[in-house]
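Novice: Now for the letters of each chain:
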Amino acid sequence: MISESSSPAESNSATSSPSRTTPVIEVRDLEMSYGSYVVMRDINFTVLKGQVLVIMGGSGCGKSTLLKYMIGLKEVTHGDVLYNGKSFVKASQEEREEVQRTFGVLYQAGALWSSRTLAENIGLPLEEYTKLSEKEIRELASLKLSLVGLKGFEDFYPSEISGGMRKRAGLARAMALDPAILFFDEPSAGLDPISSRHLDDLILQLRDSLGTTVVVVTHELPSIFAIADTAIFLDAETKRMLVQGDPKVLVKEGPPKVRTFLLRGQEVSAPAGNKQVSA
Amino acid sequence: MKQTTATSDIARPTVKMERTGDQLQLVLGGDWSLKSPERLHAEAVLADLEREPGVKLIRCATSEVRSWDSSLLVFLWEVEEWCKNRQVKFAEDDLPKEISSLLNLATSAPEQQTGRGSTARHSLFYQLGSWVLGKIDMLIAAFEFTGECVISFQRILARRGKVDWRLYWLTLQECSAEALPIVGMISFLTGLILAFVGAIQLRQFGAGIYVANLVAVAMAREMGAIMTGIIMAGRTGAAFAAQIGSMKVSEEIDALSTLAISPMDFLVSPRVVALFLMMPLLCLYSDLIGIAGGAVVGAGLLKISLVQYWNQTVGSMGLTDIVIGVVKCSIFGVIVALTGCQRGMKCENNAAGVGNAATSAVVLAITWIVASDAIIDVLIEMLKI
Chain A
1 MISESSSPAE
11 SNSATSSPSR
21 TTPVIEVRDL
31 EMSYGSYVVM
41 RDINFTVLKG
51 QVLVIMGGSG
61 CGKSTLLKYM
71 IGLKEVTHGD
81 VLYNGKSFVK
91 ASQEEREEVQ
101 RTFGVLYQAG
111 ALWSSRTLAE
121 NIGLPLEEYT
131 KLSEKEIREL
141 ASLKLSLVGL
151 KGFEDFYPSE
161 ISGGMRKRAG
171 LARAMALDPA
181 ILFFDEPSAG
191 LDPISSRHLD
201 DLILQLRDSL
211 GTTVVVVTHE
221 LPSIFAIADT
231 AIFLDAETKR
241 MLVQGDPKVL
251 VKEGPPKVRT
261 FLLRGQEVSA
271 PAGNKQVSA
Chain B
1001 MKQTTATSDI
1011 ARPTVKMERT
1021 GDQLQLVLGG
1031 DWSLKSPERL
1041 HAEAVLADLE
1051 REPGVKLIRC
1061 ATSEVRSWDS
1071 SLLVFLWEVE
1081 EWCKNRQVKF
1091 AEDDLPKEIS
1101 SLLNLATSAP
1111 EQQTGRGSTA
1121 RHSLFYQLGS
1131 WVLGKIDMLI
1141 AAFEFTGECV
1151 ISFQRILARR
1161 GKVDWRLYWL
1171 TLQECSAEAL
1181 PIVGMISFLT
1191 GLILAFVGAI
1201 QLRQFGAGIY
1211 VANLVAVAMA
1221 REMGAIMTGI
1231 IMAGRTGAAF
1241 AAQIGSMKVS
1251 EEIDALSTLA
1261 ISPMDFLVSP
1271 RVVALFLMMP
1281 LLCLYSDLIG
1291 IAGGAVVGAG
1301 LLKISLVQYW
1311 NQTVGSMGLT
1321 DIVIGVVKCS
1331 IFGVIVALTG
1341 CQRGMKCENN
1351 AAGVGNAATS
1361 AVVLAITWIV
1371 ASDAIIDVLI
1381 EMLKI
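Chains as they are written, first to last, in our numbering: chain A, 1 to 279; chain B, 1001 to 1385.
It is worth saying that the hints were derived from the structure and are not from the lab. One or more hints might be untrue.
[Said to hold, decoys possible] Here are the simulated DSS-like pairs of lysine-lysine, each with C-alpha atoms no more than 30 Å apart in a straight line:
no.	chain 1	residue 1	chain 2	residue 2
1	A	K86	A	K68
2	A	K90	B	K1162
3	B	K1303	A	K131
4	B	K1097	A	K68
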């Protein structure tokens, strides 16, 4: 289940070079709610360094909300989220910002700052957190853009490019500070199958070459099987997280609900059947 | 019960009831069309069913139905619901396959009620209460936002906050040079109107020259500041709310937050400072143009020479009048910027939310401008300035 990437992890952050088996992310008894309305409770899972975690679940079950809790956009009121063994919830504002700086987040629609060109979008985090000169920032921005296949689009505004390109530019921005953990909110939503596949490949390449830990929210089955080392399933009905495991295993041996989900609604018989699923 | 009477191309839909023991057969016939002039409602049939005690099973015969659409489905669906509520068996198997499969879809397990977006109706008192609570929350939120903004200034002054300087310069330009034409026009007309009102009254006493005093003091102390404030609320406050609101909808604000860049420092503070700095200048400009408007009436209607008008104006107002207006206008600037930004930050995550944010920013800003103007006037009176 753990990725077998060979290159050394470039730790560039608060991560004090944890070993391969250290949990980078731990979520303990997390409860998500809108006001007094509880969306999901008892969420427990761990992600090891270099793993790709997929958060699965039906529409509206709180996948994106879980992501917001994990990156600190929503205040955790019950439970805990730990990064490299340190509580993110109990941390002071400064410590928390330090951890946040090791995150890269790709939002659903890219969320590029519309008043800035692509190069400026990627440059902003660098401007803020490094002492690089303007020229170096520009070079780095060009590099990140060419990594996602957007070479030559430095001076375009987000409104001038297509949705798929915006998403890739968003990824370039998320990678600007060489994050230790990348979060993706529905990366393939609104993309055609081929672009979606390219994005999946890109995610895996990043993981393999930089040792980045990746958290992906998605319900695209092909993506799930292609990228996930481990996955969790959120069940809207019982308002609980059902299971954590490799989707290729879960599809054969997981709880019926998860198997039904992974088999695209196919009814499953109670114990593991002999269905052959190519992953 | 009802008999088929095929009069035109479209036959009336019919239902006959045939009772055998504890079984009841509904014989359906005719054209079941939403477009047919006469349609058959389930209530009538259900009322008849109520009068048949001891029915255990209901069957439907559809062989006489010539055509059907949703009108037949809705009829059967209601009959089925009725059966379900009364523990009567409904024999779906007799129905043609297309109809029974659609009925199955309609009666299969519904989506779970999530408790979100409940549409329950409440009593008048409940509504009134929640309206008041909502307004109180809004007031608290406004003060909280002001506090956050002050903290943000501290951060920026301590060089720990990241500011979008380009946004700052753009906002400066937007609420100074670019606002001149509209502020000028409105101020000129305001001065003109004030002078007209004064001229009509003062001419009766042969005191027409005092129009200059009226216009000068009114513009300097009140109208210059209020007019500038209201124009900027409509022009700039709404723009702030819409800009920040749409950034929120497209998750651009979230993207800033996760980079540990405070949206307050980055987006709100530069706007507040820009407006705070430019409003006094706009106010002075507005005063001047308003006085010019008054002079036009003075010269045209009252035949006062421009030199005389100017001398009268200068003699009539002191520095305090101008300072009061300018200070007020700075305060209005802060109000406009804060309400605009706050409404934007509190914007709901959809396109309609952005529109609502802009509207409420303007309404709130104008309300606060007028209210604070009144408060300042009372304070000035009490302090005898």
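Novice: Hint by hint, say whether it matches the structure.
Specialist: Structure-based check of all given hints:
{"no.": "1", "hint": "K86/A x K68/A", "in the structure": "holds (18 Å)"}
{"no.": "2", "hint": "K90/A x K1162/B", "in the structure": "holds (25 Å)"}
{"no.": "3", "hint": "K1303/B x K131/A", "in the structure": "violated (68 Å)"}
{"no.": "4", "hint": "K1097/B x K68/A", "in the structure": "violated (47 Å)"}
Of the numbered hints given earlier, the model fails hints 3, 4; all others are met.
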